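For the record, the sequence lines run as chains A and B.
So that you can map any letter, position 98 of the first sequence is 98 in the numbering used here, and since no number is skipped, the others follow by simple counting.
So that you can map any letter, position 206 of the second sequence is 206 in the numbering used here, and since no number is skipped, the others follow by simple counting.
Each pair may be met inside one copy or between any two copies, as identical chains are not told apart.
Think about it this way: if two alpha-carbon atoms lie no more than 27 angstroms apart in a straight line, the pair counts; the simulated DSSO-like pairs of lysine-lysine are:
| hint | residue 1 | residue 2 |
| --- | --- | --- |
| 1 | K52 | K92 |
| 2 | K223 | K199 |
| 3 | K63 | K37 |
| 4 | K193 | K52 |
Keep in mind the hints are simulated off the structure, nothing from the lab.
The structure presented is a predicted model; accordingly, all values stated were derived computationally and were not measured.
There are 2 protein chains.
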Amino acid sequence: MELKLYVDRLSQPSRALLIFCKANGIEFEEVSILLGKLQHRSPEYAEINPMKQVPAIVHGDFKLSESHSILIYLASAFPGVAEHWYPADVHKRAKIHSVLDWHHSNLRRGSLGYHFNTGIALAFGRPLDPKAAAEGEKLLSASLATIESLWLEGDGPFLLGNSQPSIADLALVCEIMQLEVADEKDRDRILGKHKKVLKWIEDTKNATTPYFDEFHSLLPLAKEKLKELKAQASKQ
Amino acid sequence: MELKLYVDRLSQPSRALLIFCKANGIEFEEVSILLGKLQHRSPEYAEINPMKQVPAIVHGDFKLSESHSILIYLASAFPGVAEHWYPADVHKRAKIHSVLDWHHSNLRRGSLGYHFNTGIALAFGRPLDPKAAAEGEKLLSASLATIESLWLEGDGPFLLGNSQPSIADLALVCEIMQLEVADEKDRDRILGKHKKVLKWIEDTKNATTPYFDEFHSLLPLAKEKLKELKAQASKQ
Numbered sequence: 001m002e003l004k005l006y007v008d009r010l011s012q013p014s015r016a017l018l019i020f021c022k023a024n025g026i027e028f029e030e031v032s033i034l035l036g037k038l039q040h041r042s043p044e045y046a047e048i049n050p051m052k053q054v055p056a057i058v059h060g061d062f063k064l065s066e067s068h069s070i071l072i073y074l075a076s077a078f079p080g081v082a083e084h085w086y087p088a089d090v091h092k093r094a095k096i097h098s099v100l101d102w103h104h105s106n107l108r109r110g111s112l113g114y115h116f117n118t119g120i121a122l123a124f125g126r127p128l129d130p131k132a133a134a135e136g137e138k139l140l141s142a143s144l145a146t147i148e149s150l151w152l153e154g155d156g157p158f159l160l161g162n163s164q165p166s167i168a169d170l171a172l173v174c175e176i177m178q179l180e181v182a183d184e185k186d187r188d189r190i191l192g193k194h195k196k197v198l199k200w201i202e203d204t205k206n207a208t209t210p211y212f213d214e215f216h217s218l219l220p221l222a223k224e225k226l227k228e229l230k231a232q233a234s235k236q
Numbered sequence: 001m002e003l004k005l006y007v008d009r010l011s012q013p014s015r016a017l018l019i020f021c022k023a024n025g026i027e028f029e030e031v032s033i034l035l036g037k038l039q040h041r042s043p044e045y046a047e048i049n050p051m052k053q054v055p056a057i058v059h060g061d062f063k064l065s066e067s068h069s070i071l072i073y074l075a076s077a078f079p080g081v082a083e084h085w086y087p088a089d090v091h092k093r094a095k096i097h098s099v100l101d102w103h104h105s106n107l108r109r110g111s112l113g114y115h116f117n118t119g120i121a122l123a124f125g126r127p128l129d130p131k132a133a134a135e136g137e138k139l140l141s142a143s144l145a146t147i148e149s150l151w152l153e154g155d156g157p158f159l160l161g162n163s164q165p166s167i168a169d170l171a172l173v174c175e176i177m178q179l180e181v182a183d184e185k186d187r188d189r190i191l192g193k194h195k196k197v198l199k200w201i202e203d204t205k206n207a208t209t210p211y212f213d214e215f216h217s218l219l220p221l222a223k224e225k226l227k228e229l230k231a232q233a234s235k236q
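Full structure from sequences and hints, please.
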């Protein structure tokens with residue numbers, strides 16, 4: 001049964017899906033839906049995902065949106081996925097769900113607010129909003145502190161003290177990796193002090209090599225593009 | 001094995017858990033953590049839930065926060081829960097996850113922003129913020145329109161066209177019920193035009209009677225209290 005992934009490699013949750021499929025030998029067709037070209041707002045794409053967001057999947061005639069739900073579905077529907085990504089044990093599974101729920105209202109929300117209002121808004125013809133950017137950074141920083149002090153406090157190198165990564169590690173690390181498009185000084189200010197988080201990013205990268213780097217390879221280009229947009233905006 | 005629910009009946013996700021347990025014959029001890037008295041910020045409660053939010057549970061020596069994760073855990077760990085609440089079928093389950101993920105960034109976020117900035121802020125000694133309230137109402141209204149046009153478009157009376165409620169119906173309906181604490185004219189403006197949503201609330205209530213009314217019985221009192229706080233604030 002054919003699996004299509006509707007994704008933009010510049011979108012954090014899209015990258016998590018791409019890396020997950022590759023790392024688990026799940027075959028798929030990658031269908032690019034470029035946010036910068038507003039392809040997610042086309043009537044054709046609304047047939048795939050009425051919410052007009054990436055990522056989404058079509059598996060046979062089954063359509064699904066929301067990246068966490070998709071990761072859980074893929075881990076459940078494809079028999080080759082290693083147990084550690086989404087354990088069957090009801091307690092381990094519950095803890096992974098809890099991290100993913102927390103992610104929605106904390107790391108993801110802060111990160112989105114920060115990146116949109118410090119750069120991405122310009123790509124959509126919108127002005128930057130320093131107050132909203134500061135609010136986003138505050139929540140992003142608090143979320144990184146929580147990951148450092150709470151979710152990574154166990155014995156193992158991954159979230160919840162696990163010895164191998166789960167879908168939650170991949171979802172959260174891909175979100176944090178978006179800081180690669182920020183200015184170096186901003187990235188260092190926000191991320192530099194969280195040593196455990198930095199090590200965990202490396203561990204997650206190593207656990208999914210070479211796919212992690214492959215699907216993050218566009219970020220330096222996006223960073224340069226955003227620098228140009230910001231330079232133009234500051235002249236106006 | 002003893003189950004403790006740490007809840008505030010004035011919190012939407014807390015009510016969803018309480019109703020779910022009662023409707024499924026799950027025995028529990030209700031431990032009140034009153035948000036209005038800042039009991040969620042005590043050092044003792046941080047031992048139960050370091051995120052300092054309600055609801056949370058302790059089941060034996062297993063601790064869990066995040067209401068969606070808790071609902072899934074209870075539906076999975078207690079054998080008496082009827083299949084329709086959280087179906088084993090991987091496709092049906094994925095669709096329920098997708099609605100719950102969507103809820104985080106849409107209905108829940110809009111509803112929280114609206115209620116906090118039109119009244120609840122006063123209970124925490126904070127001023128009301130009309131701009132944030134308007135943004136909250138906009139997202140809340142858009143979310144209700146999406147539920148009406150998309151999630152309730154199937155043949156059955158419940159979300160995703162189901163003939164019986166799932167944990168997603170309970171989570172979303174309990175969130176919308178918070179409009180009972182708003183002024184009548186505000187509630188009617190926001191909710192009145194969504195006829196399918198209104199019928200679905202009734203259907204969910206009927207499917208969980210008498211517990212639905214039992215755990216919503218404090219809302220009229222909260223509404224009067226908020227009216228008083230708003231009257232005092234407008235005099236200052």
